[in-house]
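Colleague: What follows is the residue order along each chain.
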Amino acid sequence: MNMTLRKSHNSGRWILTAIAVSWFMILILVPVGGLLQKLLTQPFAEIYRSLQTATAARAFLLTAKVTFLTVIINMVMGILMAKVIVTQKFKGKLFIEGLIDLPFAISPVVVGFMLVILFGPYGWLGGWLESVGVKVIYATPGIVIATVFVTLPFVAKEVIPVYQQAGLQGEEAAQVLGASQWQAFWWVTLPTIKWGVIYGVTLALARSLGEFGAVLVVSGSIINQTETATLFIHQQFTDFNYTSAYTASLVIAAIAFIILIGIEWLAKSKKEA
Amino acid sequence: MKSRQPGALLQRSLMFIYLGLFILLPIVAITMASLEEGVTTLWNNISSAQALSALRLTLVTAFIMMIINVVMGTLTAYILVRYPFLGKKIMNALIDLPFAVPTVVTGIMLVILYGPTSTLGSILSGFDLEVVFAKPGIILALLFVTYPFVIRSVQPVLLEMTADTEDAARTMGASNLRVFMTVTLPALLPSILTGAALSFSRAVGEFGSIVVVAGNIPFKSQVASVYIYGELESNNPQGAMGLSVVLLLISFVVLVFLNLLQRQNWLNGGHS
Chain S
1 MNMTLRKSHN SGRWILTAIA VSWFMILILV PVGGLLQKLL TQPFAEIYRS LQTATAARAF
61 LLTAKVTFLT VIINMVMGIL MAKVIVTQKF KGKLFIEGLI DLPFAISPVV VGFMLVILFG
121 PYGWLGGWLE SVGVKVIYAT PGIVIATVFV TLPFVAKEVI PVYQQAGLQG EEAAQVLGAS
181 QWQAFWWVTL PTIKWGVIYG VTLALARSLG EFGAVLVVSG SIINQTETAT LFIHQQFTDF
241 NYTSAYTASL VIAAIAFIIL IGIEWLAKSK KEA
Chain L
1 MKSRQPGALL QRSLMFIYLG LFILLPIVAI TMASLEEGVT TLWNNISSAQ ALSALRLTLV
61 TAFIMMIINV VMGTLTAYIL VRYPFLGKKI MNALIDLPFA VPTVVTGIML VILYGPTSTL
121 GSILSGFDLE VVFAKPGIIL ALLFVTYPFV IRSVQPVLLE MTADTEDAAR TMGASNLRVF
181 MTVTLPALLP SILTGAALSF SRAVGEFGSI VVVAGNIPFK SQVASVYIYG ELESNNPQGA
241 MGLSVVLLLI SFVVLVFLNL LQRQNWLNGG HS
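Sequences listed follow chains S and L, in order.
Letter 263 of the first sequence, counting from 1, is numbered 263 in the numbering used here, and no numbers are missing.
Letter 166 of the second sequence, counting from 1, is numbered 166 in the numbering used here, and no numbers are missing.
The hints are simulated quantities; they were obtained by calculation from the structure and are not laboratory data.
With a Cα cut of at most 20 Å, we get these calculated EDC-like pairs of lysine to aspartate or glutamate:
1) S:LYS89 with S:ASP101
2) L:LYS220 with L:GLU130
3) L:LYS89 with L:GLU160
4) S:LYS157 with S:GLU264
5) L:LYS88 with L:GLU160
6) S:LYS91 with S:ASP101
7) L:LYS88 with S:GLU264
8) S:LYS157 with L:ASP96
9) S:LYS157 with S:ASP101
10) S:LYS89 with S:GLU172
11) S:LYS268 with L:ASP96
12) L:LYS89 with S:GLU264
13) S:LYS38 with S:ASP239
14) S:LYS268 with L:GLU160
15) S:LYS194 with S:GLU172
Full structure from sequences and hints, please.
Modeller: The structure is reproduced here in structure tokens:
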């Protein structure tokens with residue numbers, strides 16, 4: 001009887017695995033493969049040429065610039081917010097934690113719209129900023145603010161649990177031994193939360209590279225000026241320039257994928273070591 | 001004692017200014033702006049036939065996605081943790097792939113695969129099944145972008161929960177299904193609900209993949225986010241306000257739900 005029980009257990013196991021693996025392949029891998037196959041049937045020279053245009057180069061450069069700024073702001077402010085949440089007691093902390101979570105829940109289009117209302121030429125802050133010569137909406141600062149908004153929770157969300165687990169004893173002990181608050185943080189806390197920071201930054205980076213909706217609304221998608229890589233892809237696709245749309249798609253997705261999976265792999269091997 | 005340290009106040013103030021300026025103020029601004037022309041105008045914007053139809057399509061597709069995700073995500077997390085199989089390590093690493101693919105690219109990939117000119121698309125249209133520019137395309141796009149949520153939420157809980165209890169129930173003669181329903185599932189429920197809520201809120205706001213796959217056909221394939229974008233494009237910000245406020249409200253509700261879930265979880269954890 002035990003034998004039959006084992007056996008039915010095993011065949012059930014096999015069927016469930018087959019269902020989950022096929023679902024993953026059909027839903028995720030086949031579409032990715034479809035894109036790859038479309039590109040491989042194009043002549044290589046044409047693929048190469050499609051990204052050699054000045055418009056494509058500008059779009060990728062703008063994305064690189066925006067992503068770099070977003071990641072720096074996210075890293076600094078993410079660590080700071082995690083530090084305040086973990087080490088300080090203050091009124092309204094739950095509300096603040098809710099605010100940090102909020103950007104993930106809001107539609108990117110609504111994010112863009114809210115920023116236009118606030119920072120647009122007729123907005124509360126936009127009118128004033130424009131009078132001192134700073135253009136936010138339909139310009140690079142707006143794109144950076146929109147990207148920072150949608151990626152804001154990543155670093156803090158990854159760092160807070162690691163920080164909490166590490167505890168404050170080490171930092172406090174270092175301070176008792178005469179280290180300044182800054183030294184204690186730099187030499188004791190930062191090494192322990194390092195992987196949280198790295199993972200959060202990676203997720204923010206992948207999202208920054210791919211952000212579309214919020215940037216679309218805020219940028220006005222002015223070719224050669226405020227067109228990021230994803231806006232370029234969308235533009236090329238709607239203009240029936242399929243080769244450059246597919247090529248740019250693959251480049252952006254591949255960069256994000258390599259960074260994301262690479263870091264996960266690294267983190268795992270570090271943890272196991 | 002901590003908060004009396006020099007620098008603590010400065011750090012806290014910096015955080016307040018940052019969150020206040022970039023998160024809170026935009027929300028306050030859109031709320032005020034939406035009420036500028038009175039509650040009636042706002043209500044009329046929300047309750048116009050086209051806006052309501054877009055909202056309904058958004059909620060229906062997000063709900064269908066969520067149900068499929070709950071079943072498939074729990075199953076996938078389960079086999080990834082409990083069963084050994086060839087290629088498991090690779091699959092586990094590729095689960096996060098949708099996070100790396102820009103949403104526009106997701107849309108383009110689905111059009112390549114299911115579009116009217118593709119092999120698969122023409123076969124499906126032979127069966128009268130339209131994917132692109134229709135509801136199935138929206139659901140497929142949502143399933144793609146939210147694929148990791150339930151899996152990544154359930155997986156760590158399953159990892160921590162050893163197979164001992166399940167095995168014990170099994171030796172006492174319970175069937176596999178019964179063990180799963182009475183032992184495993186209740187323990188996983190909070191993490192399943194968390195993943196479901198996260199994927200739902202992501203789906204309600206999703207834009208890039210849907211605008212490519214489903215286009216912008218009112219009453220047919222136009223979801224809320226695309227409706228908002230359309231109103232902005234045609235220079236009608238007042239019309240865009242209605243559904244924007246509704247989507248914001250849905251975000252708040254989901255967030256409060258997640259918060260309650262977390263606290264409930266924590267209470268249960270403290271009990272045992």
